[in-house]
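Q: Turn these sequences into a full structure, and let the hints guide you.
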Amino acid sequence: GENVEQHPSTLSVQEGDSAVIKCTYSDSASNYFPWYKQELGKGPQLIIDIRSNVGEKKDQRIAVTLNKTAKHFSLHITETQPEDSAVYFCAATGGGADGLTFGKGTHLIIQP
Amino acid sequence: KAGVTQTPRYLIKTRGQQVTLSCSPISGHRSVSWYQQTPGQGLQFLFEYFSETQRNKGNFPGRFSGRQFSNSRSEMNVSTLELGDSALYLCASSLLTAATNEKLFFGSGTQLSVL
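Protein chains in written order, with this note's numbering: chain A, 1 to 112; chain B, 1 to 115.
The set of hints was computed from the structure by calculation and includes no laboratory data.
Just so you know, not all the hints are guaranteed correct.
Unchecked claim - Result set (DSBU-like, lysine-lysine): computed pairs, CA atoms no more than 30 Å apart in a straight line:
hint, chain 1, residue 1, chain 2, residue 2
1, B, Lys103, A, Lys71
2, A, Lys42, A, Lys58
3, A, Lys104, A, Lys22
4, A, Lys71, B, Lys57
5, B, Lys13, A, Lys22
6, A, Lys68, A, Lys104
7, B, Lys13, A, Lys68
8, A, Lys58, B, Lys103
9, A, Lys57, A, Lys42
10, B, Lys57, A, Lys42
11, B, Lys13, A, Lys71
12, A, Lys68, A, Lys58
13, A, Lys22, A, Lys57
14, B, Lys13, A, Lys58
15, A, Lys57, B, Lys13
16, B, Lys57, A, Lys68
A: Right, here's the structure in full:
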């Protein structure tokens, strides 16, 4: 089955700086890569996703890049704000029987 | 549009008991998936239902089961509870089956504690 590795587990950045979270996946058949943000006491919220036929996607301050050859994808958050503080999860799936396979999460801390 | 609704929000059970969790998907969504979230194992896929049929199942023992009703609402059941079943159980809905890589929308979860 799919295996997703996510780094770093904790990331602390100054408000206004950029944050980058990286994930690698193992199954070359995976073709859908969503990112979720989870705040305390809430369920994961989809913030951006990318499919394997696209190399990059951007939505305001958030962008995701995908390198199919290297089997890795990254989340980029620019001009970080206090409300960006949360746990971020990457995930991958090929649409098969295993559902979404999630990374272990990155706790993003925005320092004022 | 209302989001995914899970009830109850918190649940405390003892070992050996069974529990039923409920999930109401976003209106119009026909697929419901269940995930278990623990600090050690992270988010793990339990199963997915589409049009009242289980489409996919994760690597969990048979004590974990579910069903989906004609109105797309879903329930999951855990029998003979073990201490290790303590977790946040998350339900997610999507317009079509998740096998087509539809976006998943999660509820806030049911926090189950087994004593």
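Q: A separate judgement is required for each hint: does it hold in the structure or not?
A: Results for each hint:
1. B/Lys103 / A/Lys71: holds (21 Å)
2. A/Lys42 / A/Lys58: holds (25 Å)
3. A/Lys104 / A/Lys22: holds (12 Å)
4. A/Lys71 / B/Lys57: Within the cut-off at roughly 25 Å; holds.
5. B/Lys13 / A/Lys22: violated (38 Å)
6. A/Lys68 / A/Lys104: Measuring from Cα to Cα gives roughly 21 Å; hence the hint holds.
7. B/Lys13 / A/Lys68: Violated. Lysine 13 of chain B to lysine 68 of chain A sits at ~45 Å, over the 30 Å cutoff.
8. A/Lys58 / B/Lys103: Holds, at roughly 17 Å.
9. A/Lys57 / A/Lys42: holds (26 Å)
10. B/Lys57 / A/Lys42: Holds, at roughly 24 Å.
11. B/Lys13 / A/Lys71: violated (42 Å)
12. A/Lys68 / A/Lys58: holds (18 Å)
13. A/Lys22 / A/Lys57: holds (15 Å)
14. B/Lys13 / A/Lys58: violated (44 Å)
15. A/Lys57 / B/Lys13: Given that 30 Å is the threshold and the Cα spacing comes to 44 Å, the pair is violated.
16. B/Lys57 / A/Lys68: Distance ~27 Å between lysine 57 of chain B and lysine 68 of chain A Cα, so the pair holds.
In the structure shown, a violation is registered for the earlier hints numbered 5, 7, 11, 14 and 15, in ascending order.
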